[in-house]
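J.: If you want the building blocks of each chain, they are given just below.
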Amino acid sequence: MTRRSRAIALTAVLTALVVVPVGAYLKLGTRVGTRTESLRWRTFPIRYFITNAGVSGVTAQQFQDAVTRAFNTWHAVENTQTSSTFVGFVQARPFSEDGANVIGYLSQPGQDRTLAATTFTVDTTDGRILESDIYFNTIFPWSTSDGGTADRYDVESIALHEIGHFLGLSHSALGETELIGGSRRVIAAQSVMFPIAFRAGNIADRSLKADDIAGISDIYGTSTFNRELGSVSGRVTKSGRGVQGAHVVAFNPKTGKLVGGFTLNEAGDFVIAGLEPGPQILRAEPLDDGDVTSFFDDDFDVDLDFRVTFYERIVAVPRGGGARDIEIKVTAK
Amino acid sequence: MQRALVAAVLAIVAGAGAPAFAQSVAVPRPKTVEISGGVTLVGGYDFGASNAELTPNAGTSPPFVEFKTTNRLKPGLGLQGRIGFVITPALAVEGGVRFTRPTYEVRVTDDFEGAPNTTIEETLSQYVFDGALVWHITGARFAGGSGVPFLYGGAGYLRELHEENAFVEEGIEYHAGGGIKWWFGQSGRIGIRAEGGISIRDGGFDFKDGKRMVPVAGASVIYSF
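For the record, the sequence lines run as chains S and B.
In terms of the numbering used here, the first sequence opens at residue 62 and continues consecutively.
In terms of the numbering used here, the second sequence opens at residue 105 and continues consecutively.
Source of the hints: derived by calculation from the structure; they are not laboratory data.
For glycine and all other residues, C-beta sits at the position ideal for the given N, C-alpha and C.
It is possible that some hints are incorrect.
[To be verified] DSS-like, lysine-lysine: derived pairs with alpha carbons at most 27 Å apart:
1) K394(S) <-> K172(B)
2) K312(B) <-> K315(S)
3) K172(B) <-> K315(S)
4) K178(B) <-> K318(S)
[As the list claims (entries may be wrong)] Facing chain S, according to a computed beta carbon distance under 10 Å, are these residues of chain B, among others:
5) T159
6) V210
7) G218
Construct the entire structure; sequences and hints are all you get.
T.: As structure tokens, then:
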């Protein structure tokens with residue numbers, strides 16, 4: 062999965078992967094026979110290597126430090142179980158299909174809108190991840206300085222996004238964008254997993270947001286996560302029919318936290334899990350802040366023809382349970 | 105059986121001394137039990153603004169606001185029941201429960217993508233189980249002694265349930281105030297009680313830590329025996 066610098070390229074890096082049409086968050090999945098399984102690591106710690114090469118302004122050691130911090134940020138999410146180990150520096154480059162998880166720089170001048178990308182090699186007989194690599198495109202300037210460097214992209218921020226993919230998360234749509242000269246630019250976002258990166262010099266994505274935490278918890282959550290948090294589920298409908306591909310956001314007015322989800326079938330069904338118990342405000346919007354292929358497969362029809370709509374009631378989310386049968390009725394534009 | 109006998113004896117003793125309304129006995133009488141039930145009104149509370157904020161691309165600018173909300177708990181009308189024991193003419197102890205169904209209201213405005221402003225709600229179930237000391241100001245009796253002003257103060261347990269009992273929030277409640285009790289008839293057993301005061305809540309449904317204060321008022325019918 063890719064992290065674009067300005068605009069969404071229409072290429073899919075991971076053609077073998079699909080978005081899993083179940084659960085709360087967009088997760089990566091893979092076909093296993095006739096089934097689709099969530100892509101997740103099954104044994105920990107995950108062992109990874111770093112390519113022993115730096116770029117202008119960032120040594121291999123500084124790069125490794127930043128990547129390790131990003132891994133640790135994901136591992137620190139409460140009530141989840143993930144861990145990783147840096148094994149050592151290697152000469153191998155990412156994407157070499159050598160059976161090792163390699164993270165490093167790669168020159169990809171043809172991908173001039175892709176800052177970084179993550180690939181997987183999966184055993185299609187059982188869905189096991191055999192290898193995952195992450196590359197950072199050397200055609201962009203990089204930095205690991207504590208406060209960020211103007212005009213250079215922050216390694217740790219981009220690593221946090223890519224490691225989100227590495228752990229099985231797909232993209233979040235919690236952000237707003239604008240089109241400038243045919244290129245899409247992010248105005249604001251509230252998820253590290255938003256597909257379009259902040260501008261160079263911005264280090265805001267070094268920390269996870271509520272949406273990211275809900276997503277990783279959905280994959281690797283412990284029993285405590287399931288016991289302490291709750292979910293909402295229901296449908297988005299237009300003239301009585303389901304709306305597919307709607308972006309539904311739960312806003313907790315008490316904490317200000319935002320967690321997003323999608324309607325993932327023709328019935329317009331959605332589930333948003335990992336919510337703090339208590340009142341939530343639900344808002345449904347069309348998926349118009351990024352290229353649809355950043356979120357779904359090409360053959361997934363997304364309905365963009367409806368107005369942004371708030372659900373008519375405050376939804377009380379129970380601890381360890383779900384608020385169900387919510388119907389958000391939207392109207393055509 | 106023993107309990108019925110005691111009650112009968114108390115009634116006889118009380119009845120024996122009960123004068124006509126204009127000459128009513130000074131109340132409340134010590135060693136009596138007061139049961140009351142009626143309505144209560146608990147004031148509302150503003151939780152304030154809470155905005156759905158995104159992190160701006162321009163890192164130093166203020167947060168990007170996706171939409172704004174203003175939040176308040178509207179006043180709730182409900183029921184209350186109390187039972188008290190008059191220790192001396194001036195002092196009583198009591199316990200009770202107040203139940204109200206306030207509405208939590210959110211006004212949603214200024215949506216970045218143009219969603220119409222709207223107001224959405226949920227109904228809470230709010231319980232307060234409390235105990236209190238009541239001080240009758242016997243020196244200020246009125247209506248020939250059948251009415252008496254009082255002051256009260258106490259604490260209790262606050263339990264708030266969100267809609268469909270989906271989620272419970274708990275806290276502590278402290279209250280203080282004043283009112284009047286006024287008994288009717290020669291027996292002095294039945295009367296009314298009206299009160300008003302403040303309720304300080306720590307915990308329960310709130311947007312921030314700390315205490316909040318709401319006005320409370322109530323009116324009840326009292327039966328004394």
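J.: For which of the previously enumerated hints does the structure constitute a violation, in increasing order of number?
T.: The structure breaks none of the hints.
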